[in-house]
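Asks: Next come the chains, spelled out residue by residue.
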Amino acid sequence: MRKMWGLITNEYIKIFSRISTIIMLIAIIGLAVGYNGLMYLSGQATVYNSFYEPTDYYREQIQFEQQNKQPGWETRIEMYTFLLDNTFTDNDWRGGAVYEAYALKEIANAPSIDTPEETDTPDGTDAPDGTDTPDGTDTPDGTDTPDGTDAPGGTDASDGTDTPDETGTPDGTDPDGAPGAKERTEAQAGFDTIITAVKNDDWKGYLNYQIAQMNADEDMTQEEKDLKSWIIQYRISHDIRPDYLLYSQDDKPRDNWQNKTLFRLENCVSMLNSELRLPYADRDHKKVAALNEAVLIDKHRLVNDIPVATQPDNPEIDQMGATFANNSFWSIFTTSARAISFVSVLIIIVAGSAIASEFSGGTVKFLLINPVKRWKILVAKYISVLSVALLMLLVFYVFNALLTGLFFGFGDIGAPHLYVSGDTIQSTSSFVFVAWKYLLGSIDLLTMATLAFAISSLTRSSALSIGLGVFLTLSGKGATLFLGESFKIDWARYLIFANTNLNSIMTRTTPFLGQTVSFALMVIAVYVLVFWITAWDGFVRRDVK
Amino acid sequence: MSETILQVSQVSKMMGKRLIIDNISFETYSGEVFGFLGPNGAGKTTTIKMILGLLAIDAGNVEICGFNVAKRFEKAMAQAGGIVENPETYPYLSGMQNLLQYKRMRSGVTKNRIREVVNIVGLENRIHEKVKKYSLGMRQRLGLAQAIMHNPKLLVLDEPTNGLDPAGIRELRDILKRLAHEEGIAVLVSSHLLSEMELMCDRVGIISNGRIIGVKSTKELMEQASGGRKTFRFTVNDPNRAVALLSDMELTVTNITPENFDLAVADDTMVGTINARLINAGIILLGAAPIERSLEDVFIEITGGGGNQIA
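Which chain is which? The protein sequence lines are A and B, in order.
Quick note, the first sequence lines up with residues 1 to 545 if you use the numbering used here.
Quick note, the second sequence lines up with residues 1 to 311 if you use the numbering used here.
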């Protein structure tokens with residue numbers, strides 16, 4: 001036993017005496033510093049950069065309409081003139097509401113002989129315009145900020161508020177011809193209501209109008225109506241203006257977490273319902289489950305007043321925006337975990353050279369003539385490689401956490417982790433959740449280290465084992481995903497790379513149906529055993545020539 | 001008096017389908033330097049690697065102090081130390097750190113003992129420098145320190161004089177002789193340099209094409225090769241007349257030059273008689289000295305010409 005300690009000590013000394021290891025550790029620390037620093041700086045540099053002055057844009061549009069005179073051009077000129085006279089900030093709800101109102105007015109003013117295609121045209125031109133409008137100009141700004149992921153959420157959100165309008169117009173009551181008289185009257189009434197609300201900055205009135213519109217909409221399911229009116233009622237009762245998400249220097253007062261969450265929720269509801277409108281067989285069931293979960297969690301947060309919480313990883317939701325407060329501890333810390341693939345490359349370098357370097361340096365001939373059986377040396381090497389891997393991870397996490405805390409504060413460290421179990425929301429500590437997640441993540445890394453270790457023993461070449469190890473680690477997962485998702489090759493689930501990402505298996509985001517963590521652990525165990533036999537054969541049994 | 005330390009019995013080794021070591025046997029005793037002599041590619045390093053457990057033994061046994069290397073590796077290796085091929089230690093560690101690496105793998109090595117071996121090999125001034133700054137000679141010494149730190153009973157050195165300068169070779173020779181003759185270690189040294197072996201070894205095993213073709217003490221081997229006769233070189237003013245004068249005696253003349261001639265005599269006492277006869281005949285005798293036949297000559301004779309390959 002004492003000898004085993006001696007052997008492990010030897011390995012540690014060898015690993016940490018090499019310049020390359022020291023450089024690696026510095027690189028890991030540098031990575032943590034760099035990531036947090038960049039996140040911090042980009043959070044600071046949220047300068048609002050608009051391609052257009054909105055007023056310039058309105059003038060251009062007026063000119064454009066005057067030249068082209070597409071149907072409804074007079075109405076649109078009126079709209080731009082209105083916008084010129086009333087300057088709204090880019091995120092002001094009134095900006096979007098004006099577009100909505102004038103779209104209704106176009107219906108009201110549409111000539112009765114027009115075909116539906118032609119009545120659609122103004123809508124059609126509106127849509128691209130929409131992305132160019134002040135809402136649209138949010139986007140470049142949004143992508144500049146760390147909240148960038150929210151930007152699509154922001155534009156989506158404006159679409160969301162437009163929904164009643166959009167569904168109202170083209171799908172209108174009269175698909176075969178021009179809007180009927182009843183429709184025109186309704187549109188005109190809608191226009192009047194919205195414009196009055198805009199003029200008085202009466203956003204509650206605007207929202208009430210939307211509820212009324214929604215209730216009249218026959219295409220919506222009751223469930224969707226309930227959810228959407230719940231959102232609007234929440235805004236009204238909690239006094240949260242429906243201003244769009246804006247990330248500029250003055251975002252703090254407007255971009256409160258409730259507004260963000262409400263927009264996200266609205267988004268989820270829209271996406272969920274567009275999924276649910278499909279026939280059952282065509283639905284993306286994973287997405288439906290994820291969205292349902294997200295809706296439950298968001299409502300829970302809003303009702304229980306939980307500004308910051310971590311949630312299970314969910315690619316369907318993540319692309320719609322952060323679930324956290326801007327630049328909070330957990331939002332930064334959890335995203336920085338992506339840098340782990342860099343750490344894994346470093347660990348493969350250590351593992352890949354553990355055995356091979358003894359052969360290439362010729363030192364193996366002094367190593368193996370000691371009164372120590374070879375398998376003991378192999379075990380010592382493996383233990384030291386694994387523990388160095390864990391150490392590197394730990395260094396990375398600890399430094400990362402400290403730096404994140406330094407840059408963004410430790411304020412949210414006690415935030416809960418929310419997840420859905422059955423139909424109810426469960427809450428645990430975020431700290432425990434993230435620690436567990438990273439622990440599972442490290443299994444991936446340790447498996448790859450074992451692979452590199454085995455190749456190292458098999459080939460006795462550092463270059464080959466490091467090269468092959470890094471190549472497999474970086475490409476293996478992608479290739480497996482490709483096999484599973486694009487080619488629907490089911491046996492790919494038995495490949496090691498289909499099983500090492502336990503986090504994605506837990507969140508059911510693998511391409512293989514019905515994959516469980518225990519299955520994955522079993523597959524990993526079999527592979528590790530094979531790697532071990534390979535390493536054993538290469539080091540313990542084979543001759544040293 | 002001296003005990004058997006290393007026993008190699010009927011060892012064979014296949015490399016692929018080729019038999020590269022063919023049933024070799026020899027043993028080394030405590031207190032002697034055993035030379036393992038043979039041309040490059042004869043199987044010296046392969047044999048040494050089998051003795052030290054780096055290569056598997058396909059047939060036969062190797063025992064160190066009675067412990068079978070294959071079956072009781074740790075016990076056997078606790079009694080052995082060695083350098084195989086080049087003395088490769090970790091270049092990024094200091095000499096001392098390298099020695100501590102080996103200390104941790106062996107039992108009973110104290111810090112004092114390490115200091116002692118560092119002194120024996122004469123590295124005390126440079127031991128804390130990184131090995132990558134060492135010359136080959138210094139690395140060889142570090143390797144030697146590594147090999148003897150745990151007081152092994154068997155010391156195996158593969159081509160230890162490779163790359164050493166003449167002073168280094170002499171120093172190494174002195175160290176090895178002292179280890180063997182004073183500390184009673186069995187030293188096994190392989191080499192293709194015959195002159196080296198002759199000066200260093202007490203006994204020599206000659207290996208050629210994977211076979212041991214003779215194990216004899218250096219002295220024995222040379223006597224055998226000269227047929228029990230000794231050769232003397234007579235330096236005279238007229239070699240031809242001297243040879244003619246001595247033609248009635250039972251002598252073998254091997255080499256006549258304008259200055260001298262060589263005579264193989266059965267018995268040392270004959271030299272006196274010869275001297276008297278030459279002087280009486282008026283030949284000026286400048287000297288008469290015994291010629292030790294070199295191991296190389298012996299080797300060539302034993303291997304029957306195969307020795308051409310030897311440097």
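Rather than coming from a laboratory, the hints here were simulated on the basis of the structure.
Don't take every hint at face value.
Claimed, not checked - Quick list of in silico lysine-lysine cross-link-like pairs, DSSO-like style, CA-CA up to 27 Å:
hint : chain 1 : residue 1 : chain 2 : residue 2
1    : A       : K3        : B       : K111
2    : A       : K545      : B       : K132
3    : B       : K230      : B       : K219
4    : B       : K71       : A       : K373
Remember, predicted model here, so these are calculated numbers, not experimental data.
Asks: For every hint, state whether the structure bears it out.
Replies: Going through the hints against the structure:
This hinted pair checks out: A/K3 and B/K111 have alpha carbons roughly 17 Å apart, not beyond 27 Å. As the CA atoms of A/K545 and B/K132 are separated by approximately 24 Å, the hinted pair is consistent with the 27 Å bound. Of the pairs offered as hints, the one joining B/K230 and B/K219 holds, with about 12 Å between alpha carbons and a cut-off of 27 Å not exceeded. Only pairs whose Cα atoms come within 27 Å are accepted, and B/K71 paired with A/K373 is accepted, the gap being roughly 11 Å.
Taken one by one, the earlier hints all hold for this structure without exception.
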